[in-house]
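Chemist: Listed below are the residues making up each chain.
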Amino acid sequence: MEANLFMFDKVMIVDDTKIDRYVASFAMKKNKFTREILEFDMATKAIAFLENNQHLPENLPQIIILDIRMPEMDGFQFLERMSLLPQSIKKSCCIIMLSSSLDPSDHNRAESNPVVKKFINKPLNKGSLEEIRNLYISSMGDTQESRVSNA
Amino acid sequence: MAANSLHAANKMKFKKSAAPSREKTIQLRSFLLQIKNKSDKLINYFLVSYFIAGIILAYFYDTWMVAAGIGGLSLIAYYSTKWILPYSNLYQYVLSGVFGIFMAQYIYQMHGLFEMHFVAFIGSAILITYQDWKLQIPLVLIVVVHHAVFGYLQYMGVSEVYFTQLEYMDLQTFIIHVVLAAIIFFICGLWAHHFKEYSERHIEQTFKMGRLQEEKLQKEVLLAMSESLQTMNEQLIEAQQMAHIGSWMWDIKNNQVHRSQEFYRIFDRTPAELDSRYESFLYCLHPDDRKDVEKTISNCLNNRIPFTFEARVIIPGKPSKTIFAQGKTIEDSSGNLTRLHGTIQDITGRKTYEEALEKSNTELRKSNQELDKFVYSVSHDLRAPLLSMQGLVDITEEETIEELTRENMLMLRGSIRRLDTFIADILNYSRNARMEIKNVTIDFTEVLNHITNDLQYMNQSSKKVDITTSVNQNSTFCSDNGRLCIVLNNLISNAIRYHNPKADNPFVRIMVNSNEKNATIEIEDNGIGIPEQFHQKVFDMFYRVSENSTGSGLGLYIVKETLSKLKGEIMVDSQPGRGTKFTLTIPNIFYQ
Chain A
7 MEANLFMFDK VMIVDDTKID RYVASFAMKK NKFTREILEF DMATKAIAFL ENNQHLPENL
67 PQIIILDIRM PEMDGFQFLE RMSLLPQSIK KSCCIIMLSS SLDPSDHNRA ESNPVVKKFI
127 NKPLNKGSLE EIRNLYISSM GDTQESRVSN A
Chain B
234 MAANSLHAAN KMKFKKSAAP SREKTIQLRS FLLQIKNKSD KLINYFLVSY FIAGIILAYF
294 YDTWMVAAGI GGLSLIAYYS TKWILPYSNL YQYVLSGVFG IFMAQYIYQM HGLFEMHFVA
354 FIGSAILITY QDWKLQIPLV LIVVVHHAVF GYLQYMGVSE VYFTQLEYMD LQTFIIHVVL
414 AAIIFFICGL WAHHFKEYSE RHIEQTFKMG RLQEEKLQKE VLLAMSESLQ TMNEQLIEAQ
474 QMAHIGSWMW DIKNNQVHRS QEFYRIFDRT PAELDSRYES FLYCLHPDDR KDVEKTISNC
534 LNNRIPFTFE ARVIIPGKPS KTIFAQGKTI EDSSGNLTRL HGTIQDITGR KTYEEALEKS
594 NTELRKSNQE LDKFVYSVSH DLRAPLLSMQ GLVDITEEET IEELTRENML MLRGSIRRLD
654 TFIADILNYS RNARMEIKNV TIDFTEVLNH ITNDLQYMNQ SSKKVDITTS VNQNSTFCSD
714 NGRLCIVLNN LISNAIRYHN PKADNPFVRI MVNSNEKNAT IEIEDNGIGI PEQFHQKVFD
774 MFYRVSENST GSGLGLYIVK ETLSKLKGEI MVDSQPGRGT KFTLTIPNIF YQ
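As you go down the protein sequences, you meet chains A and B in turn. As numbered in my numbering, residues 7 to 157 make up the first sequence, in order. As numbered in my numbering, residues 234 to 825 make up the second sequence, in order.
Just so you know, these hints were derived from the structure itself, not from any lab. Accuracy of the hints is not assured; some may be wrong.
Pulled a few chain A residues facing chain B out of the computed Cβ check, cut under 8 Å [as the list claims (entries may be wrong)]: (1) Ile25; (2) Asp26; (3) Ser31; (4) Arg75; (5) Ser107; (6) Asp109; (7) His113; (8) Ile126; (9) Lys128; (10) Pro129; (11) Leu130.
Each computed DSSO-like pair below joins lysine-lysine, with the alpha-carbon atoms no more than 27 Å apart [unchecked claim]: (12) B:Lys367 - B:Lys274; (13) B:Lys449 - B:Lys486; (14) A:Lys124 - B:Lys671; (15) A:Lys124 - B:Lys257; (16) B:Lys770 - B:Lys592; (17) A:Lys96 - A:Lys16; (18) B:Lys429 - B:Lys452; (19) B:Lys367 - A:Lys24; (20) B:Lys486 - A:Lys36; (21) B:Lys793 - B:Lys750; (22) A:Lys132 - B:Lys697; (23) A:Lys36 - A:Lys16; (24) A:Lys38 - A:Lys97; (25) A:Lys96 - A:Lys38; (26) A:Lys97 - A:Lys132.
Away from chain B, derived, C-beta distances all over 10 Å, residues of chain A [claimed, not checked]: (27) Lys16; (28) Val29; (29) Phe55; (30) His61; (31) Leu62; (32) Leu91; (33) Gln93; (34) Lys97; (35) Ser105; (36) Ser106; (37) Leu108; (38) Ser111; (39) Pro120; (40) Val122.
All values derive from a computational prediction rather than experimental measurement. Ideal Cβ placement from N, Cα and C applies to all residues, glycine included.
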């Protein structure tokens, strides 16, 4: 019953910076945040994954940690593409935006998007992971049978 | 206006010349009244003298009764007439008679002393003063009657009658006597008449001269008036030219529009090309504007309210002009709408300028936005690797138990934070300098909660700083939220950063008192403090109190610069080892 030790089953991380993915993965592993980490260095690849697995809920992540500034497709474009996906995916995925941007317009844009649960400043650390967990419990807890409750 | 004044002046002139004879009569009368009053005064002395003379003559033949009786009766007759009929000149005739009676009295008193007959001539001479020949008549009558009656009686030998003492008083002597007397009376009457005529002529002459002078003066005034009117008119034309303002007046009933020179100049048309009908004005306007203008003016006419509008004037072969027109209605004395008058102003230049300004404003706004984007991109690209480094430091710190590595990581973290703060400072500085002021209502409790929450990450050192806030806000407060956050964030993070590690309970106390006029914010700590000699310098750009301080030297400079945009003030009170207190005053825009 190793799975029960983790807060989440799958967490997707979309960030073009290798070090940031490494730091985030490390923090998640260290804090037993998730059983499996889905790492993507490009938003296009992440969207492709979601599209391919839209009918396989067991493959979908509960949390998507999304960088804003990325080449080719940035975080906001990712959100637009995601809004075209079935409602079920959007409902099961909790999106967290992670950025080093100090631009208030980025903050506003992210927080005004209904699918984005939170805007978090880099780097991802123990504190921010805890925040995400609390947020997930409070927002998803009522509507969905959460796997967190097993933990 | 000019025509009206001239017309009024002409009217005035006619009015003056309409009644000169009446005025002359009045002047003559007042002159005669003056003479009469002066003469009456003299008569008083004469009559008294006559009476006294009668008393003196009474010594000769003891005629006391006659002197007092006849003299007294004469005086009574004169003064009573004058008292009863003061406005009639009857008393003057009475006076003339009294002079005759006195003559008769004296002749009697002196028992016919011939020289007493001369008294009649004295009376006749005195009467000249009234400048009325008719006054001689009663005197003459009495003298004639007296001479006839008394002369006859004495001649008949009646005793106690005295007319003359002359023995040779025969018919021949009597005739000479009568002729000479008649000549004297005639001459005195003639003089009186001449004096009167002379006075009249004199008065008429004076009057004529006065009128001539008046006319001359009037002419001068009229000339001066018309000259000043001309100057005013010229000035008006010049002023209209300089201001590019033309004036107009529309006589609605006759559909005649009177327009000033400048009006025609602005419309670039001669009075022949732009006839005086209202419609021809409309025809000059841009077709798209015509309907609106017509509507505006008819609305003005219907509701009798002033109007303004802007419209384009089409000028054949030239670029169109933009005019600004305003006007209002004029009613006659019985409240009927008769005229509409107002001005038009050539605002083509202003319009072009406004459009150019609008264009450059848009460009400026665009370049500002681009610059904003650039600054954020740069700050992001500078921060991104820094925050990656911090992530690595976090991991390494957590994973190692080796003391040296941990210490190094701590220093590395400090450096990273310092650089990060510096980037944030530069960003804030550039934002403050460029961004427009955006005033919103501010809830201080919410703002402070937000800031202190964000600052928790740096408040994780060995000794946690206790942050307390107390807000006393009882009215709506308005200011620029972004700038207020920059100021408070800087001051509170400073207070946390420079806490005193030796203190038992490091704290930051934030107190807000906000009213309708302003907000007073106190940020007090028991940190390391600032020596007094640096109090003035801490707000300088890139000034750092000591080499040990980890700041960029921009924080308080930004605080001061940002506050000045909010029209606020800041004061510092600090003692090394005791702590620091910053007091801010920020005006409340809501009530201004």
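Chemist: All the hints need checking, so say for each whether the structure fits it.
Modeler: Each hint, compared with the structure:
1. Hint on Ile25 (chain A) holds. Least Cβ distance to chain B is approximately 4 Å, under the 8 Å limit.
2. Proximity of Asp26 (chain A) to chain B holds as hinted, the smallest CB-CB distance being about 5 Å (cut-off 8 Å).
3. For Ser31 (chain A), the interface hint is violated, the least distance from its beta-carbon to any beta-carbon of chain B being 10 Å, above 8 Å.
4. Nearest Cβ of chain B to the Cβ of Arg75 (chain A): about 6 Å, under the 8 Å cut. The hint holds.
5. The criterion of a C-beta within 8 Å of any C-beta in chain B is met by Ser107 (chain A), whose closest approach is roughly 5 Å, and the hint holds.
6. Taking 8 Å as the C-beta contact cut-off toward chain B, the hint placing Asp109 (chain A) at the interface holds, the least distance being around 4 Å.
7. Taken as an interface hint, His113 (chain A) does not check out: its beta carbon lies about 11 Å from the nearest beta carbon of chain B, beyond 8 Å.
8. Contact between Ile126 (chain A) and chain B, as hinted, is not supported at the beta carbon level, the nearest pair being about 11 Å apart and thus beyond 8 Å.
9. For the restraint placing Lys128 (chain A) at the interface with chain B, the shortest Cβ-Cβ distance is roughly 4 Å, inside the 8 Å limit, so the hint holds.
10. Hint status for Pro129 (chain A) relative to chain B: holds, with the closest Cβ pair at about 3 Å, below 8 Å.
11. With 8 Å as the threshold, the beta carbon of Leu130 (chain A) comes within range of chain B, its nearest partner Cβ sitting at about 7 Å, so the hint holds.
12. As the CA atoms of Lys367 (chain B) and Lys274 (chain B) are separated by approximately 20 Å, the hinted pair is consistent with the 27 Å bound.
13. The hinted pair formed by Lys449 (chain B) and Lys486 (chain B) fails the criterion: a straight-line CA distance of about 41 Å is larger than 27 Å.
14. Restraint check for Lys124 (chain A) and Lys671 (chain B): satisfied, since their Cα atoms lie roughly 26 Å apart, inside the 27 Å limit.
15. Distance hint between Lys124 (chain A) and Lys257 (chain B) is unfulfilled; the C-alpha atoms sit about 109 Å from each other, more than 27 Å.
16. At most 27 Å may separate the alpha-carbon atoms for a hinted pair to count; Lys770 (chain B) and Lys592 (chain B) exceed this at roughly 42 Å.
17. A C-alpha spacing of about 15 Å is found between Lys96 (chain A) and Lys16 (chain A), which places the hinted pair at or below 27 Å, so the restraint holds.
18. Simply put, Lys429 (chain B) and Lys452 (chain B) have alpha-carbon atoms about 34 Å apart, too far for the 27 Å limit, and the pair is violated.
19. Using a Cα cut-off of 27 Å, the hinted pair Lys367 (chain B) and Lys24 (chain A) is violated, with the two alpha carbons roughly 145 Å apart.
20. As the CA atoms of Lys486 (chain B) and Lys36 (chain A) are separated by approximately 97 Å, the hinted pair breaks the 27 Å bound.
21. In summary, the hint linking Lys793 (chain B) to Lys750 (chain B) is supported, as the alpha carbons are separated by about 20 Å, within the 27 Å threshold.
22. With a C-alpha separation of about 19 Å, the suggested pairing of Lys132 (chain A) with Lys697 (chain B) holds against the 27 Å cut-off.
23. Simply put, Lys36 (chain A) and Lys16 (chain A) have alpha-carbon atoms about 15 Å apart, close enough for the 27 Å limit, and the pair holds.
24. At roughly 24 Å between alpha-carbon atoms, Lys38 (chain A) and Lys97 (chain A) fall within 27 Å of each other, so this suggested pair holds.
25. Taken as a hint, the Lys96 (chain A) and Lys38 (chain A) pair is honoured in the structure, with Cα atoms around 24 Å apart against an allowance of 27 Å.
26. Pair hint Lys97 (chain A) plus Lys132 (chain A) holds up; C-alpha atoms about 25 Å apart against a cutoff of 27 Å.
27. Non-interface call for Lys16 (chain A) relative to chain B: holds, since the shortest CB-CB distance, roughly 22 Å, exceeds 10 Å.
28. Distance check on Val29 (chain A): its Cβ comes as close as 3 Å (rounded) to a Cβ of chain B, failing to clear the 10 Å threshold; non-interface status is violated.
29. For Phe55 (chain A), the condition that its CB be more than 10 Å from all CB atoms of chain B holds, with the nearest at approximately 24 Å.
30. No Cβ of chain B comes within 10 Å of the Cβ of His61 (chain A); the nearest lies about 35 Å off, and the non-interface call holds.
31. Consistency note on Leu62 (chain A): stated as away from chain B, and its beta-carbon is indeed over 10 Å from all of that chain's, at 32 Å minimum.
32. Every CB of chain B is more than 10 Å from the CB of Leu91 (chain A) (nearest about 28 Å), matching its label as outside the interface.
33. At roughly 33 Å, the least C-beta separation between Gln93 (chain A) and chain B is larger than 10 Å, which holds for a residue marked as non-interface.
34. At roughly 29 Å from the closest C-beta of chain B, the C-beta of Lys97 (chain A) stays outside 10 Å, upholding its exclusion from the interface.
35. Separation of Ser105 (chain A) from chain B is inadequate, the least Cβ-Cβ distance of about 8 Å not exceeding the 10 Å criterion.
36. The Cβ of Ser106 (chain A) does not lie farther than 10 Å from every Cβ of chain B; its closest approach is about 4 Å, which violates its non-interface assignment.
37. With a cut of 10 Å on Cβ distances, Leu108 (chain A) falls inside the contact zone with chain B, its closest approach being about 6 Å.
38. Some Cβ of chain B comes within 10 Å of the Cβ of Ser111 (chain A); the nearest lies about 8 Å off, and the non-interface call is violated.
39. Here Pro120 (chain A) stays apart from chain B, with its beta-carbon at least about 22 Å from theirs, past the 10 Å limit.
40. With a cut of 10 Å on Cβ distances, Val122 (chain A) stays outside the contact zone with chain B, its closest approach being about 18 Å.
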